[in-house]
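Novice: Given next are the chains, with one letter for each unit.
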Amino acid sequence: MYEFEIERPSSVADAVKALGQEDAQPLSGGQTLIPTLKARLAMPSVLVSLTGIKELQGVEMRDGALWIGGGTTHATVMHDAAESYPALAKLAARIGDPAVRNRGTIGGSLANNDPSACYPAAALASGATIETDRREIAADDYFQGMFTTALEEGEIVTGVRFPIPQAAHYEKFIQPASRFPLVAAYVAQFSDGVRVAITGASNEGVFRWTEAEAALSERFDADALDGLTLDGGNMIGDLHGSGAYRAHLCGVMTRRAVQAIA
Amino acid sequence: MPKDFEPSSGIGASSKRREDIRFLTGSGRYTDDINLRRQTHVFFLRSDVAHGRLSGVDTSAAADMPGVLKIFTGADFAEIGGMPCGWQITDKHGQPMQEPKHPVLAHEKVRHVGEPIAAVVAETLAQARDAAEAIVVDIDELPAVVNMKEAVKDDAPKVHDDLTSNLCYDWGFVEENKEAVNKAFDDAAHVTTLELVNNRLVANPMEPRVAIGEYDRSAGDYTLYTTSQNPHVIRLLMGAFVLGIPEHKLRVVAPDVGGGFGTKIFHYQEEAFCTFAAKAVGRPVKWTSSRSEAFMSDAHGRDHVTKIELALDAKNNFTALRTDTYANMGAYLSTFAPSVPTWLHGTLMAGNYKTPLIYVNVKAVFTNTVPVDAYRGAGRPEATYQLERLIDKAAHELKVDPIKLRRQNFVTEFPYATPVAVEYDTGDYNATMDKLEEIADHAGFEARRRESEAKGKLRGFGVNCYIEACGIAPSNLVGQLGARAGLYESATVRVNATGGLVVMTGSHSHGQGHETSFAQVVADMIGIDENMVEIVHGDTARTPMGMGTYGSRSLAVGGSAMVRATEKIIAKAKKIASHLLEASEGDIELKDGAFSVAGTDKSVAWGDVTLAAYVPHNYPLEEIEPGLEETAFYDPSNFTYPAGAYACEVELDPETGHVTVERFTAADDFGNVVNPMIVTGQVHGGLAQGIGQALLENCVYDEDGQLLSASYMDYAMPRASDLPFYDVDHSCQTPCTHNPLGVKGCGEAGAIGSPPAVVNAVLDAMRSGGKDIGHIDMPVSPARVWEAMHG
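Residue numbers (our numbering), protein chains in the order written: chain B, 243 to 504; chain V, 11 to 801.
None of these hints come from the bench; they were simulated from the model.
Just so you know, not all the hints are guaranteed correct.
Covered by chain B, according to a simulated footprint, are these stretches of chain V (three or more residues, beta-carbon under 8 Å) [stated by the list, open to error]:
#1 547 to 557
#2 706 to 717
Simulated DEER-style distance windows between Cβ atoms [what the hints assert, rightly or not]:
#3 Lys26/V to Asp339/B: 50 to 56 Å
#4 Ile276/B to Ala290/V: 32 to 38 Å
#5 Lys26/V to Ala255/B: 37 to 43 Å
#6 Ser326/B to Glu713/V: 47 to 53 Å
Owing to the predicted nature of the structure, the values given are computational and were not obtained by experimental measurement.
All C-beta atoms in this analysis are idealised placements derived from N, C-alpha and C, irrespective of residue type, glycine included.
Make the full structure from the sequences, and use the hints.
Specialist: As structure tokens, then:
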């Protein structure tokens, strides 16, 4: 690591102010940022820790949706969302290992938008709303490509509002080394249609598989996916699998998610 | 033969590992736990290109950075010896291998990503690292050679300009048999051919390497604290060949070491650097490897590309075997690298079978990659994998049962001289196969397959045998084969006045549990409580010159030295007892910690005899010296030959290609067993590494020599959830005939014996799904399986 200052504000307002300093960077659970700093791949002058801000914490029902504070850890979601949104709680329960789950936060995951992260799939498939210190952003507008989001410089994810589907399931196929998704599908069934989000597969990051959504909205059955394929051309190809393999897995994971619900 | 019941102490008891109390409570003392007064820290600036000419290393700006004490470059080591290689291979033309210079810090050229170019010694690690970023390195990049078959072409870029090519050696074994082998192939009723890759691995011990050099200016003494499996070997190699320090001025300490797996056998540049720099800087110099550095500086393992052929007669008897292997050496020769694909590999090609004619060809090749050397099993897993995959392929081509084909060709009479220069002293391969079929419930497999198929999964059963040569090794033999070291082992047994013992062994424990099992042996010989015996290892100032721990040698060789020293102790103690009991020495018997006169009730306790040795008031001083301390060096007359049969049952998801190991069964013959629990644990660990190689682990370079699997994000280590509960048995015991304990060694078996069973099982599963592809390379990743199923 290079040397940096650290600030620990106790309110979002103070955090935003601190982030106005030159080369300041927010620090939430640090599951990506700390290894990046240790590898000397980032050189912030000030780290603004968000973990001491009470208003970023919590899992609760608000106006029929599940609100999760941006600074809430995966472990907390795993426990506190188990009754209100079990599919999301199960997703949280399978992120990383206990150490990761006890440090990593939902806001950090969404702000980073790793193309292989789990939470973006849940947010996109659930049609969640991302709340920040200055506005609300629909998930459909929020994810803008690999490690890219609609967030502005210094903007903090304060919370996420998840509409609760009638049923949902997250089916993950892990990359054997990192245990991130190689491909994972989140299927959410609402009264007005089905949403399907895929993570791990695309060079563009998380995306909605609209053909699958249309077919499943028509008839919610794994067989409805027959004949639907994705193009491997723009899929990630690496040591762990080609684009064609990932495209194939998108179908398998989506099908299995539907079977788990049906 | 196995004992009918397990004793509660001594040889054969599952005594709990006494060292685990400190390991499990965080009170172990590892090298990184050592911090010396006025200690400094070194950071190594490492090459980020695989191959290039070093045209300049400008340290002037860095030297002025805060906290910097001294910066070293290759030029500082130009007058000092390079890293030595401990084994010279003679090629098939009778010529010595090509042996390149191996500098402590890169000089004139860099040859792999991770090679140290400069070393910054500073007050803190952060300061050293800051300064390293200010060093300006000019490298004229050269094309890298990564692929071995490309590397040996005439127009390939040369890794070492002063060598004639990238070929280290072209080894033929046994060269005199080559024509006879070829003729047997001409006459064969059936020939099975297989081309395969033994994937490159990174050892990944939990504890990364650490070195601390210290220099005492007043005495002129050096001390190196290091994460080593063999501190005396490091003292000899570094002292004599690199830094020119005589042994009496150099102490090497390897305290608790958190896993070695072979990669901590070798002498590394960082050790030599810290020792050298401690004097140059005038203060202790410490280096702790980061995990990222470990990936690109610890010697890697395996990395063979092989074509192997088996000739059979019309009755399916094996008549000849020939192999053609390319073995990657990496950019430099690591300490024992040349021996691995030759003497530790070629001599095992007979396996458990009486194939009369064998010819092994190995081309060792330099590439722009991290040096490759011994990793758990070292050469023997490569031999086992080829042979046992080939036999399985032959069985399917001939439509015979793979177990039956193996049994038909087993060696059944011992001693058995193989056509590849070794003599198996004892074994019973049908016994381990019988045991395997029983505990693997082979008969119940079809029912389990149907259960899997009902879930939409394919199920496969794979089996293999293995044999290894352990207890390395007879010194006179390995000397003829090119070893530049002896391979005996040593022990000093010091009996204290009140009867407790300290055993100072040349073996080194880095997870094996020697402190427990070695104590069991000595306590059993005397008939005293195990807790009266303390095992000391890992410090050249405290232990006699020993060769360390690798090659499953510690009990077979180090334990034998300990037995010999204890026998000397007992012989002398009997003399003392005979004096105290006023009886003739020949009538003295030692049992349960007491000396008695045969046929009488006269006896004297162990503690009375040991006290007399140190308080010799009533003592035969005219006949024997006071004191009770003996040393023995044991040099084995042969290798030991552990062997066994393994079975793997996998479930394969045809939609994703994901393979899970549902059952794994190991039936081993380790000869006599001192601590069954520790042996079981050793097999468990070996299996984890073997299954890891088969399914998960893969060290991959791109064509420019960049390491793609350089962290745990891309290098897949096996985890508990990847592994089943194993069924491990070692009740088949044919004791070794030539060491006093009748033991064979168990540390590497699991890693040697498991990969072929896994791959054989995967191929069996695929065949049951209608896809007979003949072979699939490791690691059998989901993507590879899926591509094979749908290709």
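Novice: If a hint holds in the structure, say so; if it does not, say that too.
Specialist: Checked hints:
1. 547 to 557: With 0 residues in contact (Cβ-Cβ under 8 Å with chain B), the coverage given for the region 547 to 557 of chain V is violated.
2. 706 to 717: holds (count 3)
3. Lys26/V to Asp339/B: 50 to 56 Å: This hint is violated: roughly 29 Å between Cβ atoms.
4. Ile276/B to Ala290/V: 32 to 38 Å: holds, 35 Å
5. Lys26/V to Ala255/B: 37 to 43 Å: Once the Cβ atoms are compared, 58 Å apart, the range 37 to 43 Å for Ala255/B and Lys26/V is violated.
6. Ser326/B to Glu713/V: 47 to 53 Å: About 52 Å separates the Cβ atoms of Ser326/B and Glu713/V, which means 47 to 53 Å holds.
The structure is inconsistent with the numbered hints 1, 3 and 5, although it conforms to all the rest.
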